Structures are given as structure tokens and as C-alpha cells.
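Two independent chains are provided; combine them into the complex using the hints.
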Amino acid sequence: MAGITLDRVVKRYGKLEVVHGIDLEIGHNEFVVLVGPSGCGKSTTLRMIAGLEDISDGDIRIGERVVNDLPPRKRNVSMVFQNYALYPHMNVRDNLGFGLKIAGQPAKVIEERVAEAAGILGLSELMDRIPAELSGGQRQRVAMGRAIVRHPDAFLFDEPLSNLDAKLRVQMRTEIKKLHGKVATTVVYVTHDQVEAMTLADRIVVMKDGYIEQVGTPMEVFNHPVNTFVASFIGSPPMNLIPGRIEGGEVRFSGGGTVPVPGRLKEHVRGGQEVIFGVRPDDLSPIGHGIHEARETCEIDLTVELAELLGTETLIYTSLAGQEIQGKMFDPRDLKVGETLTFRLSLDKAHLFDAATGRSVRPR
Amino acid sequence: MTRALKKRLKATALWLTTFVLMIVMCVPGLWVVLSAFRPNREILAKPPVWVPQDLTLRNFTKIFGIGEETVAIPVLSYFWNSLVIATTSTVIALIIGMAGGYAFARFRFRFKNAWFLGLMLFRTVPGIALSLPVFMLWSRLGIIDTQMGLIIVYVSLNVPFTVWLIDGFFRQIPMSLSEAAQVDGCTRWQAFWKIEFPLAKSGIAAAGVFAFLTSWNEFALASQLTRSTDSKTLPVGLMDFTSQFTIDWAGMCAMAVIIIVPALILTFLVQKHLIAGLTFGGVKG
Numbered sequence: 001m002a003g004i005t006l007d008r009v010v011k012r013y014g015k016l017e018v019v020h021g022i023d024l025e026i027g028h029n030e031f032v033v034l035v036g037p038s039g040c041g042k043s044t045t046l047r048m049i050a051g052l053e054d055i056s057d058g059d060i061r062i063g064e065r066v067v068n069d070l071p072p073r074k075r076n077v078s079m080v081f082q083n084y085a086l087y088p089h090m091n092v093r094d095n096l097g098f099g100l101k102i103a104g105q106p107a108k109v110i111e112e113r114v115a116e117a118a119g120i121l122g123l124s125e126l127m128d129r130i131p132a133e134l135s136g137g138q139r140q141r142v143a144m145g146r147a148i149v150r151h152p153d154a155f156l157f158d159e160p161l162s163n164l165d166a167k168l169r170v171q172m173r174t175e176i177k178k179l180h181g182k183v184a185t186t187v188v189y190v191t192h193d194q195v196e197a198m199t200l201a202d203r204i205v206v207m208k209d210g211y212i213e214q215v216g217t218p219m220e221v222f223n224h225p226v227n228t229f230v231a232s233f234i235g236s237p238p239m240n241l242i243p244g245r246i247e248g249g250e251v252r253f254s255g256g257g258t259v260p261v262p263g264r265l266k267e268h269v270r271g272g273q274e275v276i277f278g279v280r281p282d283d284l285s286p287i288g289h290g291i292h293e294a295r296e297t298c299e300i301d302l303t304v305e306l307a308e309l310l311g312t313e314t315l316i317y318t319s320l321a322g323q324e325i326q327g328k329m330f331d332p333r334d335l336k337v338g339e340t341l342t343f344r345l346s347l348d349k350a351h352l353f354d355a356a357t358g359r360s361v362r363p364r
Numbered sequence: 001m002t003r004a005l006k007k008r009l010k011a012t013a014l015w016l017t018t019f020v021l022m023i024v025m026c027v028p029g030l031w032v033v034l035s036a037f038r039p040n041r042e043i044l045a046k047p048p049v050w051v052p053q054d055l056t057l058r059n060f061t062k063i064f065g066i067g068e069e070t071v072a073i074p075v076l077s078y079f080w081n082s083l084v085i086a087t088t089s090t091v092i093a094l095i096i097g098m099a100g101g102y103a104f105a106r107f108r109f110r111f112k113n114a115w116f117l118g119l120m121l122f123r124t125v126p127g128i129a130l131s132l133p134v135f136m137l138w139s140r141l142g143i144i145d146t147q148m149g150l151i152i153v154y155v156s157l158n159v160p161f162t163v164w165l166i167d168g169f170f171r172q173i174p175m176s177l178s179e180a181a182q183v184d185g186c187t188r189w190q191a192f193w194k195i196e197f198p199l200a201k202s203g204i205a206a207a208g209v210f211a212f213l214t215s216w217n218e219f220a221l222a223s224q225l226t227r228s229t230d231s232k233t234l235p236v237g238l239m240d241f242t243s244q245f246t247i248d249w250a251g252m253c254a255m256a257v258i259i260i261v262p263a264l265i266l267t268f269l270v271q272k273h274l275i276a277g278l279t280f281g282g283v284k285g
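If you read the protein sequences in the order shown, they are chains A and B. Residue 364, in UniProt numbering, is where the first sequence stops; the numbers in between run on with no holes. Residue 285, in UniProt numbering, is where the second sequence stops; the numbers in between run on with no holes.
Don't read these hints as lab results, they were simulated from the structure. These numbers were taken from a predicted model, which means no experiment stands behind them. Built from N, CA and C at the ideal position, the CB exists for glycine as well. Don't take every hint at face value.
Below, simulated DSS-like cross-link-like pairs (lysine-lysine); rule was C-alpha separation at most 30 Å, straight line [said to hold, decoys possible]:
#1 A:LYS74 x B:LYS201
#2 A:LYS182 x A:LYS108
#3 A:LYS101 x B:LYS201
#4 B:LYS194 x A:LYS101
#5 B:LYS272 x A:LYS101
#6 A:LYS15 x B:LYS112
#7 A:LYS74 x B:LYS194
#8 A:LYS74 x A:LYS167
#9 A:LYS108 x B:LYS194
Only some residues are given here: those of chain B computed to face chain A with a beta carbon under 7 Å [to be verified]:
#10 MET1
#11 THR2
#12 ASP54
#13 GLU179
#14 CYS186
Here chain B stands alone, though its shape is the one from the complex (with noise of 0.2 Å):
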């Protein structure tokens, strides 16, 4: 064998294994976005029908109450509830993270490490382990079943992620930068904005996104903690398709669609900031 074909031979097996894998991994969410498309029939034929036979836009009619079937989901103010709660919480956990990042990168203060470990331990607890404490104190203080209740759990479940994210991307910075940028004229916090923010950006913005997809996405908690339209998300709002003895499958990937598209969009709106690599080049590296 020579050594071209070789290496030729390496590069095929290579390239099959990624496409295994990678099918492996989008196949099931291909066949939810498929399946939206398709008749509760088709989904459920035996033997199943492989090549869609019947593509139909009803699953979503009916879910949004339009035309003559509608199934009775409030699926408008689920999705009011996710953005609200999830953005609010993101929002609220970069900047928390900007902050408690930013502190943890540039400044020395007593237990520094052991705070560091205190917030990356939290992160060891599983969600769901919490839900009873959490349901048990949410409910003395009256706030199950509401947009804010959701939000701080989720705050709380973020904060750390964003922390460690942003306080990685800080640390790349020199201290230098900001220096020369105080020496230049800037106040520090002149100098955050101008210089470090900046630079931090691509890592602000990608912990921006794991945050808002957390929020988005989670179900054990948000179901524990919401009963009503006034708090339930989306992932949530998915449960109202099964009753005692059928599930709408139909319905229910037509709904996870709909939850699957704005991740979409926003992982796609920052994926340029999710590049990394703008700190080099400033300083001698």
C-alpha cells in the first residue's frame, strides 16, 4: 500500500466517523423536526414510514387555535413566560457574572480560591435535588407559580457558570491593558468599558448563550415550581400534550419546534462573538 493512498484511506475513515457521529446526533432532533410536519398517523405507523409521505403545517394550526381542530394549549403565553424569564435571568446572572468574574480575575481578597471552589461546588448539586427545599421555601414566600420565582432559581443556577466563564476570559486580558488605559487618561471603570469589555465580549456573549439556553430548555425545576399560565415555559407547556391515555406526539414536536427555533436564531445571532482570539496580537505573546 502505498503511502498516499494511506493516508487517503485514514482520511475516509476519519471523515465516516465524524458523519456517524454526527448523525447519531442530530437524528433525533432531524426526526422531531420532521415529525412536526407530519400526521399523529404517520408518526405512529408500523413499520414506520421513513420517507414523510404527507407534510402538513396542521400540527401547528391547531396548536396556535387556528382552523377548525385547535387544541386548547395557551401556547402564547408559554412562550411569553420562557423569554421573559429566561432573558431577565440571563441578564441578571452576566452581570453577576461580569461582576464576580471580573473580581475573581483582578483582584486579591481573603478566601479568594475557597469562594472560587463555593461556587464551582454549587454547580456539583444536580437541580433537581434542590426542588423540594426550593418548593418548600418559594411556597412560605408566595412566589409558586410566578415569572419571578423561576427567575432567581434560574439566577442562582447560572451565576456560577457565568462567573467561571467570564473570569476565564479576564484572565487572557493582561492587566497591562487596563493599566496603560489608566495611564492614557482612563478611570478603572473607563478602562473596563473601553478596553476590557471589549475584549471580553466573545466570552460574555457565549456565556450569555449556555445561560439563556439553561433557562430556556430546563423542565424538572420549572415543573416542580409553575402551575398556571402565568408562569409555565415552554418545556413545561410540552407536558400538556400527554393526557391519561394518549400522548399527541404531533402537537408535541410542533411545540418542540417552536422551542428549538429561537435557540437557534440567538446561538446563530452571537456565533460570531463565540470566536474567540481578539486579546492576541496586542501584547508579545
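In isolation and in its complexed conformation, chain A is listed as follows (with noise of 0.2 Å):
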């Protein structure tokens, strides 16, 4: 068991510099999620932890060792790919068993160890059945028990999900959280669903454009976006952000309207200031319908272009300053499209970012 430090990564593809000298230091026993758009380069980190990918600069630590130069046999991870890669030739038993027997235990080790990893992952009555014989759920969970038996230093998931469907998706998520309970290592998860980054991390990553955005807890992440990019990708649906000026401590949208400037950012803005201003869909509700409890509020007249119903939540596409913005009513009611509503915006959780820098106007 270990954590894993990656200091200044850098990858390069010939003149192409794809991940710029990243920073990361990963507990012991910690479940990171690296999230972001397609071509961040979160896969490949991913893949030059794995050492399936040299890297160009910098030094990758796993435990006390620097493993740069040591191929992904000496690296002691286990890793599981988006599409399975499980060894069709060969049926569970052996997937499963297939490292173990490589790294030369004893055939009585092998069968205990792929005994264990099978009946945690239920595995156990598909023994001898080869991977096509297999469903989707199936065969992800045999991927996660061919990396659970070797009892590796840090569990490496590369999108694992990705070619479930949706409620398999979900299933085998909390799966991965259960799992990440009873053998406690070190995971490193890539994913570019910011909802999976959500439930299952312990800390988030945030990437883009190969450099690290933010690192946090969920709530962090959540709660605290250090730029616009951050705010917009986590969450759904995306915070709403709006371009407007600081003028005598309210916010002035270019496409008209005001809002007050939240008081605990007042002293990090200026005046004359090109801001964004950025509000949750859950930070902005109609009167008695949701945020009760905010300190800081603010009211705007929105009227309702289209309404989705979600259940015990109804969305509300409506338009502030020229901008489509989404709001949301909770313990909701029937919605005529064209009504106007008052909604109640909750200042106290919204946002300030800088124009021109895309960066929050309160770093923490």
C-alpha cells in the first residue's frame, strides 16, 4: 500500500506538449478521480502512472520508489481499461488468476486469492465461462477482480464505466465505492463524468488542456470553483454564469439587470471590474419553492420558457440579461411556459469571477 506523488509531469508527443508539468501528491489508500473534457490528458496521466506511457520530465513516486524508468510489470498497480481487456482466449478463472500465475505463485495461492476476489465481486458461479459469455456488468466486474487479486499498491480505472448503460452505470458505481471499503488501496479513477467524480472521489482533480484546474474534495470543488471552467464542468446542470461590471456594489449584466454583490465578496472586487457572475441552478428558485434557509438573497422577476419535470425537482429554462439560465423549483408545481415567476437568488452561494482571467475573485 502507498500513496503516489507525481512531481512537474510532463508529456510531450514529439513537439506536442499534452500534459504541462503537473503536480499531484495522492494519499495512501486515497480515491482520487482525474476528471475533465475529452483530451485533457487525465487517460495519460493515468497511463504514465501505469507506465504504459513514458514520461518526458519530471519524476512519478509510488510509495518512496521513483518508478519513471521501471516498465508496468515492476510497478506493482493494477489497472482497469474502458474496454475491459480481459483475455478472451481465457474464461474468468484464468483472467482472474492470470497475474498471480505470472508473477509465479504457487497454484494452491492462486486459487485462494481467486477464490477471495470472486466471491467479493460475485463472481463465483461464472468461474468457467469465457469472456463473451459474459454481460457488460459481468464483465467489469472481472476486470475489477483481476485487479483486486494481486493485491497491488494502487488501483488504476481508466473511464471503467463509460460503455455501461445508464442504470448498469450507476449499479456498478456504488460497486466501485463498496469495493474501495473492503479492500482498501490506493485508486486513481479517470473519468469525464463529473457525476461519477462526485460520488466516488475522496479528493477530485480537475483537468484541462493538460493542467490541473483544481484539486479538492467534491464539496470543495463544488462549492469553491477557482475559475469558470471548473464552476461550469462540475455540477449538473452547469452553473449559470452571467457577464455583467461591478458598479456601486451591485453587479450590472451587459445584457441589462442588476444584482447585488454578494457581501462576503465585496472587498475582492472593484469597481469598473468585467466580472461573471455565476449561480447554481439549485441557488435559484421561485418563492416558496426551495432556499429557505440563505442568509443573502436577492429577487428577480424570470419568466419560464420551458419547464422539465424531474420529479420531486422541476427545471426552469428561463432568460437573465439575454442569457439562457436554468433555475429550480423544488416541491414543484404545474408551469405554464410564458409565466413570470419571482425567483429568490441565494447571494451568499453565488459567485464572482474575473472577466478576464476566468479566476474567482476570492481565492482561497
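Here it is in C-alpha cells:
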């Protein structure tokens, strides 16, 4: 068991630099999720940890060992691939035991460990089947089983759920979480799905264009995004971002209309500053339908353009300052398109970003 | 006409067409096999005797020098030459084909596409067009009428094909399988032998069969580059049955059967591997 350290890690393909000197400290037994859009360098980073990609500069340490030049087999990590990568010509038992066999473990040990992993993942009935005879979820479990039998220092997951249908994905997500509880090991998990990131991670690493944008617990990243990218990427539906300018203690939106500058942010902005005002749909609700205990709010009248019923809440599409935004109506009633409602906006949860840099005006 | 009847008519027409096509393809072969067991007079009879009246093994015993009538043809030497040349050239072509196919499927290197195209273009040159330059080269090197001379020619004929076919099979195997094996503790070499090779086996077997048959059946170049029992192969040996004024059709057909049978046996033995499809299921399609 060990933590993983990335120290100014760079990846270049020829002249093209795709990962730009990232630093990351992953604690022992920590579940860290690398999340970001396609091409942000998250999978490359994971593959560099696994040893499947060389690093162009910097250091990677697993535990105390610098592993820069070690081949994958000497790093003692396990990996679950997006396409499962089960060996098609071997049955489940041989797939699970393959790594141990290669390591030259005695047959008895292999049998015990395979049985243990099969027990944990509920695979005992499937041992004699080949991958082609398994369902998507079962294949996924075999892939995880193959990772845990070797008792590695770390598990690496490369978008393991993206090939599953929505229902199975939720189910496997909880299984992965439970698995981490049972076999406490360091986990590095790559996904582009921010819901997976939020639900699974001890800490989230948000990446974009080969840079780490923010590292923090799911709550930190959700509640205190450092820039507009993180704000819009984490959270579903995404945060509403409306451009404006600071004028006399208010944010005057470019498209018309104002809201007060949130009290806690007043000292961080100056008059005339171009900003982007951010508020999550959860913090913008019709009066009487959510946002009760907010200390600092303001009210605005908005017209319903579209309402999506989600059951316990209704997502309302509307416009503010000429820009489409979303609000949420909790404890919903039927809505008509064109209906104007007074919304309460929770200012103490609102955000301000500098328009020029995109960074939060209030660094944490 | 009802729909069921239409469907049945269509099926029958399809079946008939297939049957006719199969006949067209099979009859010459069958005729050769049949003629191998008939005396010359029945083969040459006019009008032709369609249904054999007099089946005999004499054509074979004659070739092998058994009994009173014999034909002075060293079939066993030819057979041995064919076997050595076809097997050796196939094994070499497969080794090079596996290495080359793997490299083309897995690695990035300079001028990769140009190399590949070059290999394929090599196949467009008809072998016989090379016979004169090859003959001159070989005679300088002193390897005319040697097994080695033919082996080299057949290897170079077969390599582009084996590389191309095996490359295709390796391409079908996802990279992640080899990577998973490496993370699981394999060296790249082990990952190849334990994971990728078994999955590409059917492709390699297919390439092997084709390479073997090409070498086994090749006539044009072999007839130029061989002279004596040191290197003459079975197809070249067929010419021994022709003389200035006569052709021993019966003997020739018997010899043709001797050539066909090993090829048939080989194809039969590896037919299981020729059916691909093992790679499906291990990874999400």
C-alpha cells in the first residue's frame, strides 16, 4: 500500500506537449478522481502512472520508489480498462489468476486469491465462462477482480463505466465505492463524468488542456470552484454564468439588469471590474419552492421558457440579461410556458469570476 | 403466385446457381482424380467414357516403380524436395510475417505507410517476370538447382502476403489486451506470446496455409531454377510425363493426386484455426 506522487510531470509527443508539468500528491488509500473533458490529459496521466506511457520530464513516485523508468510489471499497480481488456481466450478463473500465474505464485495461493476476489465480486458462479459469455456488468466485475487479486499498491481505473448503460453504471459505481471500502487501496480513477467524480472521490482533480485546474474534495470543488471552467464542469446542470460589470455595489449585467454584489465578495472586487456572475440552478428558485435558509438573497422576476419535470423538482429554463439560464423549483407545481415568477437568488452561494482571467475573485 | 411459393422458387434458383458454380469449379479437379485411376486408353477414348469402366491403381504403382511396368520418374525425390522447400519457406515467411505484421500493427515508425505500400506493390509484379533476373543472379551465386535457391524465391514471394494478412489480425486485437497483460506482470515479449499470439493464431495459420500452398504448387519459377533431382519439385516433375510426341496423361494425373493430397490434408488439419472470431467478447465491441 502506498501513495502516489507526481512531481512536475510532463508528457510530450514529439513537439506537442499534452501534459504540462503537473504536481499531484495522492495519499495512501485515497480515492482520487481525475476528471475533465476529452483531451484534457487525464488518461495520459493515468497511463503514465501505470507505465504504459513514458514520461517526458518530472518524476512519478509510488510509495517511496521513483518509477519513471520501471516497466508496468514492476510498478505493482492494477488497471481496469475502459474496454475491460479481458483475455478473450481464457475463462474467468484464468483471467483472474493470470497475473498471479505470471508472478510465479504457487497454484494453491492462486486458487485462494481468485476465490477470494470472486467472492467479493460475486463471480463464483461464472468461473468457467469465457468473456464472450458474460454481460457488460459481469465483464466489468471480472476486470475489477483481476485488479484486486494481485493486492497491488494502487488501482488505476480508466473510464471503467463509460461502456455501460445508465442503470448499470449507477450500480457499478456503488460497487466500486463498496469495493474500495473492502479492499482499502489507493485508487486513481479517470472519468469525464462529473457525477462519477462527485460520488466516488475522496478528492477530485479537475483537468483541462494538460493542466490541473483544481484539486479538492467534491464539496470544495463544487462549492468553491477556482475558475469558470471548474464552475461549469462540475455540477449538473452546470452553473449559470452571466457576464457583467461591478457598479456601485452591484453587478450590472451586460444584457441589462442587476444583482447586488454578494457581501462576502465585496472586498474582493473594485468598481468598473468586468466580472462573470455565477449561480447554480439549485440556488435560483421561485419563492416558496426552495432556498429557505439562505442568509443573503435577492429577488428577480423571470419568465418560464421551458420546464422539465424531474419528479421531486422541476428544472426551469429562463433568460437573464439576454442569456439562457436555469433555475430549480423544488416541491414543484405545474408551470406554464410564458408564466412570470419571482425567483429568489441565494447570494451567499453565488460566485464572481474575473472576466479577463476567468478566475474566482476570492481565492481560497 | 403466393409469397411462400415465390420464396421457395428463389431459394431453389439460388441453390441451383450455387450447384452449377460448384460443378464448374469441381469437375476439372474430380476429372484429374478420376483419371488417376483409369488406364490411358480410357482417358483418351473418343467419344469420352464418362463413367469409369476400369478402375486401377497401376498408374501409381508405375510411378513408384512397383510391378513390371515402371516409369523412370524419381517421385520420392521430388516429393522430398517439395516438402523441404515448401515447409522451410513457409516457416521463414511466417516468422518474418509475424514480426513484420506485428510491427506494422503496433509500432509507429518513419515511412510506415510507404514501407507497407512498397511490400504490397511487390506483390503486383508477376513472379514469372522476375524469372530471368533471378535466374541470372542465382547462376552467379551458384544456387541454381538447389533447394535453397527456391526457398529464397518463395520466401520473398510469400513475405508481403504473410505480413499483410498477419498485420490485419494483430490490428483486430485491441492494444489494451497487451497493456493489461503488461500491467499484470508480463514483459512485452510474454504479453505477445501469452495473449496476442494465441488470439492471432487463426490468422497466422491462414497465412501459413496460403504460403505453403503457394510454394507447394508453384511451377513457373521452379521450372526455371531447377534442373535435377537435387531440387526439382512435384509440379516441375509433372513435365517428366511429357515427351516429344506423347503425354502420359494417366501418370500425370496420378502425380497430380500425389500433389493434391498433402495440400488437402494440411487444409483439413488447420481448418479449425481458419475460422476467426476468438477476439470478440474480451473487449466491449
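### Query
Has the given pair, A:LYS15 with B:LYS112, been kept, meaning a C-alpha gap of at most 30 Å?
holds, 20 Å
### Query
Are B:LYS272 and A:LYS101 close enough, with their CA atoms no more than 30 Å apart?
holds, 28 Å
### Hint consistency between A:LYS182 and A:LYS108 [alpha-carbon to alpha-carbon, up to 30 Å]
holds, 23 Å
### Query
Should the interface hint for B:THR2 be scored as holding, given a Cβ-Cβ cut-off of 7 Å against chain A?
For B:THR2, the interface hint is violated, since the closest Cβ of chain A sits about 41 Å away, which is over 7 Å.
### Query
Was the hint right that B:GLU179 lines chain A, CB cutoff 7 Å?
It holds, given that the least Cβ distance between B:GLU179 and chain A is near 5 Å, below 7 Å.
### Query
CA of A:LYS74 to CA of B:LYS194, is that 30 Å or under?
Roughly 18 Å separates the two Cα atoms, so the pair holds.
### Message
B:ASP54 was flagged as interface toward chain A. Is the shortest Cβ-Cβ separation under 7 Å?
### Response
violated, 53 Å
### Interface hint compliance - B:MET1 to chain A, C-beta minimum distance less than 7 Å
Where the cut-off is 7 Å and the nearest Cβ of chain A is about 43 Å from B:MET1, the hint is violated.
### Message
For a C-alpha distance cap of 30 Å, please report whether A:LYS74 and B:LYS201 respect it.
### Response
Holds - the C-alpha atoms of B:LYS201 and A:LYS74 are around 29 Å apart, at most 30 Å.
### Query
Do the alpha carbons of B:LYS194 and A:LYS101 lie within 30 Å of each other, as the hint requires?
holds, 12 Å
### Task
With chain A as the partner, please determine if B:CYS186 meets the hint condition of a C-beta pair closer than 7 Å.
This hint holds: B:CYS186 lies near chain A, its Cβ roughly 6 Å from the closest one there, short of 7 Å.
### Task
Given the hint that A:LYS101 pairs with B:LYS201, test it: the Cα-Cα distance must not exceed 30 Å.
Holds, at roughly 22 Å.
In summary, the structure is inconsistent with hints 8, 10, 11, 12 from the numbered list given earlier, while agreeing with the others.
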